[in-house]
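Q: Chain residues, written in single-letter form:
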Amino acid sequence: MGKFAQLIQDIEKLWDKFGDVYLRGIRSTLILALVATAIGCLIGFACGVLNTIPYTKKDPLPKRFVLKLIRVVIRIYVEVFRGTPMMLQAVFIFYGLPYVTNLQHRFDSIWVASILVVSINTGAYMAESVRGGIISIDPGQTEGAKAIGMNHFQTMTSVILPQALRNIMPQIGNNFIINVKDTSVMFVIGFPDFFAAHRSASGANYLFFPSATIEMIGYLTVTLVSSFILRRIEKKLEGDASYELAAADQLVMVAGTYRHPGKGEHLAERSKELERDGK
Amino acid sequence: MANNNNEHNSRSQPILQIDHLSKAFGNNKVLNDIHFDVYQGDVISVIGASGSGKSTLLRCINLLETPTGGEIIYKGVNVLAPGVNATKYRSHVGMVFQSFNLFKNLTVLENCVVGQVRVLKRSRDQAKQYALELLDKVGMAPYIDAKPRQISGGQQQRVAIARALAMDPDLLLFDEPTSALDPETVGEVLAVMKNLANEGMTMLVVSHEMAFARDVSNQVFFMNEGVIHESGTPEEIFGNPKRQETIDFLARFRNT
Ligand SMILES: Nc1ncnc2c1ncn2[C@@H]1O[C@H](COP(=O)(O)OP(=O)(O)O)[C@@H](O)[C@H]1O
Ligand SMILES: [Mg+2]
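Protein chains in written order, with this note's numbering: chain A, 6 to 284; chain B, 15 to 270.
Check each hint, because a few of them may be wrong.
[To be verified] In the BS3-like style, the derived pairs of lysine-lysine whose C-alpha atoms are separated by at most 27 Å in a straight line are:
| no. | chain 1 | residue 1 | chain 2 | residue 2 |
| --- | --- | --- | --- | --- |
| 1 | A | K22 | A | K8 |
| 2 | B | K102 | B | K118 |
| 3 | B | K135 | B | K89 |
| 4 | A | K62 | B | K256 |
| 5 | A | K62 | B | K102 |
| 6 | B | K43 | A | K63 |
| 7 | B | K89 | B | K102 |
| 8 | B | K102 | A | K63 |
| 9 | B | K151 | B | K118 |
| 10 | A | K73 | A | K63 |
| 11 | A | K241 | B | K118 |
| 12 | A | K8 | A | K18 |
| 13 | B | K118 | B | K135 |
| 14 | A | K240 | A | K186 |
| 15 | A | K240 | B | K118 |
| 16 | A | K186 | A | K22 |
| 17 | B | K256 | B | K43 |
| 18 | B | K135 | B | K102 |
| 19 | A | K18 | A | K186 |
| 20 | A | K68 | B | K102 |
| 21 | B | K151 | B | K208 |
| 22 | A | K73 | B | K102 |
| 23 | B | K135 | B | K151 |
| 24 | A | K63 | B | K89 |
Honestly, the hints are just simulated from the structure, not real lab data.
Model the full assembly from the supplied sequences, consistent with the hints where possible.
A: Rendered as structure tokens:
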């Protein structure tokens, strides 16, 4: 019990001195994880769409070549960034830019460098998830869209991606939580995240264990709260299984008495009425 | 209502001419040298055994499958020629599927709005008004905010018809629109289709509903092994079929 009291005491000591360092660290970690997950998703969706542009043997050769090339490039991107540690990717990109440009360019902001690395890494994982999400959508959805004259881009944005997004919500959440934890490796290029706070706080007074305890509690709180929120969002996206007619009862009555007017005359009033009364 | 082709020929150009159309999947020749014309207001029923190529014919007509031979001439233009915009052509030819294929992420109303806005570039208000009008016509106005999985198969199919109508198609293709439905909801869909036919919509209907083929259409095609084996008016096909396969098919149908 004495040890526990000691731990509490040490934590208090640390918090008094470094509380704002920890808090700023958590804030940076959260912002980095959020921004990078969002950008990573965009990259993943872009790759998923480009990767699934259909082509047939009948298409002209240049089109087939370009589409094939796009698929190969995305494949390489995915393999490289999933097959190497993010910590190494950070070092590789951070020091690589000045090296290959003969010091013409370098990362002035550690934020830009970190967001870039984590986004690209997340994008590689999301590209596969999105591709899987797109492929798993019933082909009838695509045919329904094609049959009313939608092109690939319209089909994707109006029909397929919203459904794929719903299906891969759990993976997006998962990626976010992984990013909250794994952005800790960005300390190698000097990013001031939550784990970096531990290094500066404990380095000053050798209270490694108490500081690590703060970190454990901090990370766990963030990930638990995130999973809770994500599950709520998933539930909400699922929606109800049945449809209540209650709000539309008045419509049923209108439907019977209403004589087909020309397009856009009485209907205009009626739809305005609906907007006011309905929903 | 029953027009025949001779009457048409002197009057107008066909909307659609199917000329020597063939389709093979690998070595499997599914359609062989199909040819027929579709005129404004035609209601053509396509009957035939499962596997005879009926679905493939419809899917070739709106280019969901690429034919391996022949021509599809829409208002005088061969849509299989290189450089023809297949997407644009498809927006003029509606398709109603056996499995409805309503967009699962959109409400009933949005299903009928999205194509108008994105493909035809109508304003959202205009599209909504028209969608409401059409949904009312198919009896689905009370369900505008429902998602497809919240309504029955028959209701989904009626929405699918409204969705196709919203594009103001010149021709509507139906691929066994009632085959996936519970028996009690078949009638409501057939009633909607019958209404459309009476209003003069040009329709090509693959169906096992023989009563519909007999009472509503002006032409019936009997398909067998990838060819139109016999065609004629409903009276000819149902009353006095000439070919043995047609007779056998219809007899089998009466027995089941
Ligand atoms: N995508 C496809 N790939 C290969 N074979 C197909 C494909 N679609 C249909 N077929 C074949 O074409 C033939 C005709 O099918 P279909 O047009 O669906 O007939 P129906 O609609 O009259 O039942 C069948 O033998 C079927 O196996
Ligand atoms: Mg079929």
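Q: Does each hint fit the structure? Answer for all of them.
A: Status of the hints after comparison with the structure:
no. : hint             : in the structure
1   : K22/A to K8/A    : holds, 21 Å
2   : K102/B to K118/B : holds, 24 Å
3   : K135/B to K89/B  : holds, 23 Å
4   : K62/A to K256/B  : violated, 42 Å
5   : K62/A to K102/B  : holds, 21 Å
6   : K43/B to K63/A   : holds, 19 Å
7   : K89/B to K102/B  : holds, 13 Å
8   : K102/B to K63/A  : holds, 19 Å
9   : K151/B to K118/B : holds, 22 Å
10  : K73/A to K63/A   : holds, 14 Å
11  : K241/A to K118/B : holds, 16 Å
12  : K8/A to K18/A    : holds, 15 Å
13  : K118/B to K135/B : holds, 22 Å
14  : K240/A to K186/A : holds, 25 Å
15  : K240/A to K118/B : holds, 17 Å
16  : K186/A to K22/A  : holds, 24 Å
17  : K256/B to K43/B  : holds, 25 Å
18  : K135/B to K102/B : holds, 12 Å
19  : K18/A to K186/A  : holds, 25 Å
20  : K68/A to K102/B  : holds, 20 Å
21  : K151/B to K208/B : holds, 13 Å
22  : K73/A to K102/B  : holds, 26 Å
23  : K135/B to K151/B : holds, 23 Å
24  : K63/A to K89/B   : holds, 24 Å
Of the hints listed earlier, the one the structure fails to meet is number 4.
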